[in-house]
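Asker: One-letter residues, chain by chain:
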Amino acid sequence: MFRFQSRQQQRLDDGGQINRLAPINFTFDGKKFIGFEGDTLASALLANGVRLVGRSFKYHRPRGIYSAGIEEPNALVALRSGDRHEPNTRATAIELFPGLEAKSQNRWPNLLLDYLQINNLLSPFLSAGFYYKTFMGLPGWHFYEYFIRKAAGMGDGTKFKDPDKYDKKHVHCDILIVGGGPTGISAAVTAGRAGARVILVDNHPKLGGQLNGERYFLDKKPAHHWVEQCVEELDGLENVTIATRTSAFGYYDSDVVNAIESVSDHLPEPLGYQCRQRLWQIRAKKVILATGATERPIVFSNNDRPGIMLASAARRYVNQYAVKPGKKAVIFTNNDDGYKTAFDLARSGIEVVAVVDSRKNIPEHFEKELNEKDIEVIASSVVIDTYGYFGLNSVKIGTLSHNGKTIESNPYIVSADLLAVSGGWSPNVHLYCHSGGKPVYNDSIEAFVPGELSQNGHSAGASRGSFSLTDCLQEGHNIANTMAEALDLEVAEQIIPETNENTIVPIEALWRVPGKGKKFVDLQDDVTESDITLAHREGYVSVEHLKRYTTLGMGTDQGKTSNLNGQAIMAQEKSEPIEKIGTTTFRPPYTPIALGPLAGRDIGLSYKHTRRSAMHNWHKQHGAIFVEAGQWLRPQYYLNEMEQPSKENMDKAISREVQTVRTSVGLVDVSTLGKIDIQGKDSAEFLNRVYTNGWTKLPIGKARYGIMLREDGLVFDDGTTSRLDECHYFMTTTTSNAAAVLSHMEYYLQVQWPKLDVKVTSVTEQWAAMALAGPKSRNVLSKLLPTINVDNESFPFMGVREVDIEGVPARIFRISFSGELSYEINVPADFGEFIWQRILEVGKAYSIRPYGTEAMGIMRIEKGHVAGPELDGRTTATDLGLQKLLSSKKDFIGSKMMHREGLKDENRPRLVGLVPVDKKSRVKSGAILVKDPTLAPPVPKLGHVSSSAYLSPTLGHPISLGFVSGNIIETTKKIWAVSPLHNESHELEITDPVFYDQKSERLHD
Amino acid sequence: MLIINCPLCGPRDHAEFTYVGDATKNRPKNGDSSNDNAWYDFVYLRDNPKGLHEELWQHSFGCRCFVKVLRNTLTHEIIATGMPKDNLILKEKGLELNV
Ligand SMILES: [Zn+2]
Chain G
1 MFRFQSRQQQ RLDDGGQINR LAPINFTFDG KKFIGFEGDT LASALLANGV
51 RLVGRSFKYH RPRGIYSAGI EEPNALVALR SGDRHEPNTR ATAIELFPGL
101 EAKSQNRWPN LLLDYLQINN LLSPFLSAGF YYKTFMGLPG WHFYEYFIRK
151 AAGMGDGTKF KDPDKYDKKH VHCDILIVGG GPTGISAAVT AGRAGARVIL
201 VDNHPKLGGQ LNGERYFLDK KPAHHWVEQC VEELDGLENV TIATRTSAFG
251 YYDSDVVNAI ESVSDHLPEP LGYQCRQRLW QIRAKKVILA TGATERPIVF
301 SNNDRPGIML ASAARRYVNQ YAVKPGKKAV IFTNNDDGYK TAFDLARSGI
351 EVVAVVDSRK NIPEHFEKEL NEKDIEVIAS SVVIDTYGYF GLNSVKIGTL
401 SHNGKTIESN PYIVSADLLA VSGGWSPNVH LYCHSGGKPV YNDSIEAFVP
451 GELSQNGHSA GASRGSFSLT DCLQEGHNIA NTMAEALDLE VAEQIIPETN
501 ENTIVPIEAL WRVPGKGKKF VDLQDDVTES DITLAHREGY VSVEHLKRYT
551 TLGMGTDQGK TSNLNGQAIM AQEKSEPIEK IGTTTFRPPY TPIALGPLAG
601 RDIGLSYKHT RRSAMHNWHK QHGAIFVEAG QWLRPQYYLN EMEQPSKENM
651 DKAISREVQT VRTSVGLVDV STLGKIDIQG KDSAEFLNRV YTNGWTKLPI
701 GKARYGIMLR EDGLVFDDGT TSRLDECHYF MTTTTSNAAA VLSHMEYYLQ
751 VQWPKLDVKV TSVTEQWAAM ALAGPKSRNV LSKLLPTINV DNESFPFMGV
801 REVDIEGVPA RIFRISFSGE LSYEINVPAD FGEFIWQRIL EVGKAYSIRP
851 YGTEAMGIMR IEKGHVAGPE LDGRTTATDL GLQKLLSSKK DFIGSKMMHR
901 EGLKDENRPR LVGLVPVDKK SRVKSGAILV KDPTLAPPVP KLGHVSSSAY
951 LSPTLGHPIS LGFVSGNIIE TTKKIWAVSP LHNESHELEI TDPVFYDQKS
1001 ERLHD
Chain Z
1 MLIINCPLCG PRDHAEFTYV GDATKNRPKN GDSSNDNAWY DFVYLRDNPK
51 GLHEELWQHS FGCRCFVKVL RNTLTHEIIA TGMPKDNLIL KEKGLELNV
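The listed protein sequences derive, respectively, from chains G and Z.
Here the first sequence stands for residues 1 to 1005, numbered as in the numbering used here.
Here the second sequence stands for residues 1 to 99, numbered as in the numbering used here.
In case anyone wonders, no lab produced these hints; they're calculated from the structure.
Any given hint might turn out to be false.
[To be verified] Each pair of labels, with its calculated beta carbon distance range:
(1) Ile504/G x Ile3/Z: 40 to 46 angstroms
(2) Ala740/G x Asp22/Z: 17 to 23 angstroms
(3) Leu90/Z x Glu452/G: 50 to 56 angstroms
(4) Asp757/G x Asn35/Z: 23 to 29 angstroms
(5) Gln631/G x Gly21/Z: 23 to 29 angstroms
(6) Leu981/G x Gly21/Z: 32 to 38 angstroms
(7) Ser887/G x Thr24/Z: 36 to 42 angstroms
(8) Asp22/Z x Asp235/G: 50 to 56 angstroms
[Claimed, not checked] In silico contact screen, one side only, chain Z against chain G (beta carbon under 8 angstroms); selected entries:
(9) Val20
(10) Cys65
(11) Pro84
If you're wondering where the values come from, they're calculated on a predicted model, not measured in any experiment.
Glycine included, C-beta positions come from ideal geometry on N, C-alpha and C.
Please put together the full structure from these sequences, using the hints given.
Answerer: Shown next as C-alpha cells:
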C-alpha cells in the first residue's frame, strides 16, 4: 500500500473522514502536492504544511487559511485555468479533485515577494475613505483609479467563453429544510415519517454539518453512525429528496427559496451529459431554516497572520480531515469552545501551550480533562499581539484589567505556530433576513437571532441561537411536527439520541483587546479597528454608513466573520447597546454564485429566439443575405449566383432590386408585419376609437391606412386595416410594434370598453405575406388569376379580394409601400413558399426579382413614407405630415391630449426630405442638424436625420428623411448634418419628403 | 416569485404575467376642456402607495386576460385578484368588517 505521509507531513496517521487509499494530485502556484479523497483544497494544503496562501486586499499582508467553510475571508484562490478559470474561490469550500490547479491571488510577482506589500508600510495613509478623500475630485481621477483598482484587487476573470452548460429546475414541496446538520436531519426524519413532501438541501458533499467537525457521540456511538442511519432511512422514503452540494442562496417572496446545485464542480470537468451547476427554484409551503451558526474571531493586534484561525476550524481540520493545522497551539476564547478545541487538538498530538480565556472562571466540568491532558488555562487573560511575518511563531499574552481597557500585569510571550480563536457564535440569519425578517439581539449568546416570523420560514437549532446539540435535535423534530400538523399530516415519533456534550457556560462578551498593532475586523476587506473608530469620529456611525465608509462586510464573504465585531466596536465607541446600532440587511446571495445557472439554458439563440418566415428556406437557397429585425431574420438583399458577398456587390444588388421594381416587377417577403384578426359587431366602432381617422364608412372589400396615437397624443403605430366582411376586419401593424399593438387593443377592450363586442387575435404566424410591386405587377397577377378580372376598375387602389390561387385561399390587398402599383398577397403560412415560387415562375416573363429590406427601405424613403425611425414615440401626426388623418368629428385614443400646447407648437420639428448639396455624401441617420458646423458646442439643435438611403437608384444621388424645426423650414433651404462621433459634417438641402411620384399616379393607375 | 391567481386560469407564476400599471385610474370621457385635470391625472399622475395597491397585470403568456391585483407594496403579498371591473379594495374591506 502506498503511503504519502512523507509528503503530507501534517497529516495524522488515522482518523478523519478522508480516504487514505485514494490519493489525489493537485498543484498550488505551480507546485505539485498530494491530498486525499475527502479533502478540501484548504485541508490538503494544510496537510502539506502550506500556511501562506494569499495576500490581503489592501495592505498585501501575508494570509493563511482562516476557517473551514464558506465563511472564509482569506484563502481566496483562482481555480482551474483557460476557459474554466475561476477567480476568488474559497479554498475551504473546494473539494479536492484530480489535477486541481489553484493559484494565489493579489500578489505580484509571487506570494513571498509581493511588491505591493509596501502598502503595509504606507498604511497610516490608507485608512477608511483615503482613496476618495485623496484622489476623487482631483483632475485625473480616471488616471489614478486604474492603478488604485489594480493595487487593491481580487482575482482576474477569464476572457474566454464559458464552455459549460447550466440548468434550472422548478420544484415544489411541503417542507423545505435548509441545512443538513443535526437540526436539519432530525427535522427531515420527522417530516419524512409524517409523509410530508420534503426537500433537504445542504451545501456540503455529505450531510452531518457540525457533527462532521466535532467529536460528538450520539447514543454512545460516534455521531456519524446516527447520520448514516438517518440518511439510509431518508433515502428509502419516496417523499423525501436530499440535495447535497446544493447551496440555498436566497429566500424570496411567496416562500420561494433558490439554491444552486454544484453538479460537477467537484470533478475535473463535467461528464459529457452533465451541466456544471443547476439552479433549483423551490416553492415550499413551509421552510425550516436549519442553517447553523458561524464562529467569529476576537479583534486583537496582528490577528491576521497565517497560523491564526477560528477554533472550530482547527477542530474540523483535526477531526474531519485528520490534519494538524500546527504543532504548538495557543487557544484564545471567551466561551466554552476553547476547551473543546484544546481537547481535540491535544488528542491529535498537537502541543497545547495554553487556553487563554478572557472569563474569570474556568468551567469546573473541564478541569478533569484539563488535568489529564496537562493543559494550562490562563483565566482573565487575552492574546495581546502575535509575531511571525509569513506565519505565526509566537503569541503575547497578558491579563485584562477589570474594565477591559488596559493590560494589567506584565505580558509575556510564548512560542506557538497555531492560534485558535473563538469569540462566540453568530446564528446564520441570512435567509431569515431575505424572507423579510428583522433579527434581534440576544444577550445570553451575544449575537443576533431571528425575531418575528415574516413568511413561513421557521429557524431551528443553532440558526436561532440554540447551540446545544440536544436542543438542535429536539428543535428539528419539534418544528417538523408542528408543520406536519399545520399541513394536516400525521404527527410522527422520533427518539432523540442521547449526547455526550457538557452543559454550556455562558459566553462573556469580548470584542477587542487593547493594543497598538493593526487589529483586523474584516480580514477580506482589510478593515481594522482603527477604521471603525475613525468612522465613529467622523460621524459615520449608523450601521449602513459604517459599512459604506469602511467597506466592512462588503467583500465576497459579506462579513460572515466580521459584521458583528464591527458593530460591537461601534457600539462600544458610542457607549450604546449593540441592538441600538442595529444590523445590516442581508441580501441574496448568501454565498457568491455564478451567473451561469441564473441564465440556465436561456443563452445565445435560446435566449432570443429566431423567427423565420415561411419562405425562409427559399431565400436561403437563392442568395439572400439576412438581417435581424427584432427576432426575425429577413432577406436584406439577394446576391446573384456569381456574386461573392462584398460591399460593392451589396450596393449593386440593392440598386438592381430597386430598378427592377421601379421599371418592371419585384416580390418582397412581408410576413413579419403584425397581423391581427378583428371580429365582432362593434369592430367598426372600435377601430374608430383606436385609429385617428374615420372607419365607420369603410365598405367591405376595402382597405384603409391609419395611424394610432397613445393617450398622450403622440403617434404609436401605423398600418392598413381591411374590411373582409360586415363584422370582420384584418389589421396590419409595423413589425416591431406587433405585440404592443395587440396588448394595447386588448387593454381597451377588456379594461376601458368591456361592453364593445369585439375580439382581437394575433394571426401573424398564420399568414405568409408577400408584396408584388412594380408597373408589371398587374400582368403577373392576371396570369396568376386567369379567371379574375384585375383591371384598375375591377380591382382598384385600396381594394381587397379573397381569391383562390391554384387552390390556395388567398387575400389580396392592393396597397403600396414602394410607391408602385402593388398587391400584397397573404396565403396560409404552409402555402407561403409554394405561392412565392409560383409568382416568381409566372413573373419570369416580366424579369421579376425578389427584393429585400434594403430596396424596400430605399423605395419607401423615395416615396416619403414614414416607418420605425420616424414613429419613434416623440412625433405627432402633424410632425409627420399626417394631420389630414386626424378626424375632428369623433373622439379617439389621444384625441384629448394631442391638443396640448407643446404638441401644437408650429416650431416643432417636421418631416422633411434632405439631399446632400454635393449629391454624393452619405449622411448617417441619427446625425444632428445645425445651422453652422464650425461653431463650438453647445450649438442649438434644429433637428435630426431619421432615415438615410446612401443612394437612391431612382434619383441617382443619396436622400434622407429627417425632422427640421418649423421656423427653420420657413426661413432657410440649407442646413448642416453633423455626426461628431464620426467627425463628419455635410451640407444638406431641405426638400419635400416625397421624392418620387408626388401625385401618386403610379399606384392609382 | 409571486403567484397570481388569474380569474380564468387559476394560480400561475408571475413570470407568465406582464405588469401593466395602476388600476385605480379612470379614463375620463372625452370632451370639452372642463375635464383637463381629469385627463392629466389619468395619463400622468401615479401614486406610490405604501401598503395596499390595486394594479393591473396581463396574463400575457396565458389567457391574455387583464387581471386586477390587490397587492401590498410593502410585503409583496397578493391579497386578492379579480377582473378589471372588480373593486378589490371594497371587497377586502367587506371581508375585514365580517371578521
Ligand atoms: Zn389567465
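Asker: None of the hints should be skipped; say for each whether it holds.
Answerer: Evaluated hints:
1. Between Ile504/G and Ile3/Z the C-beta distance comes to about 43 angstroms, which sits within the given range of 40 to 46 angstroms.
2. Ala740/G and Asp22/Z have their C-beta atoms about 19 angstroms apart, which keeps the hinted 17 to 23 angstroms range intact.
3. A hinted range of 50 to 56 angstroms for the beta carbons of Leu90/Z and Glu452/G is inconsistent with their spacing of about 30 angstroms.
4. For Asp757/G and Asn35/Z, the hinted distance range of 23 to 29 angstroms is satisfied, since their beta carbons lie about 27 angstroms from each other.
5. Distance hint for Gln631/G and Gly21/Z: a CB-CB separation of about 25 angstroms, consistent with the stated range 23 to 29 angstroms.
6. For Leu981/G and Gly21/Z, the Cβ-Cβ distance of about 36 angstroms falls inside the hinted range of 32 to 38 angstroms, so the restraint holds.
7. Hint check: Ser887/G to Thr24/Z, Cβ distance near 31 angstroms, so the stated range 36 to 42 angstroms is violated.
8. As the Cβ distance of Asp22/Z to Asp235/G is approximately 52 angstroms, the hint placing it in 50 to 56 angstroms holds.
9. This hint holds: Val20/Z has a C-beta 7 angstroms from the nearest C-beta of chain G, less than the 8 angstroms allowed.
10. Interface hint status for Cys65/Z: upheld, as the beta-carbon distance to the closest one in chain G is roughly 7 angstroms, under 8 angstroms.
11. Hint on Pro84/Z holds. Least Cβ distance to chain G is approximately 4 angstroms, under the 8 angstroms limit.
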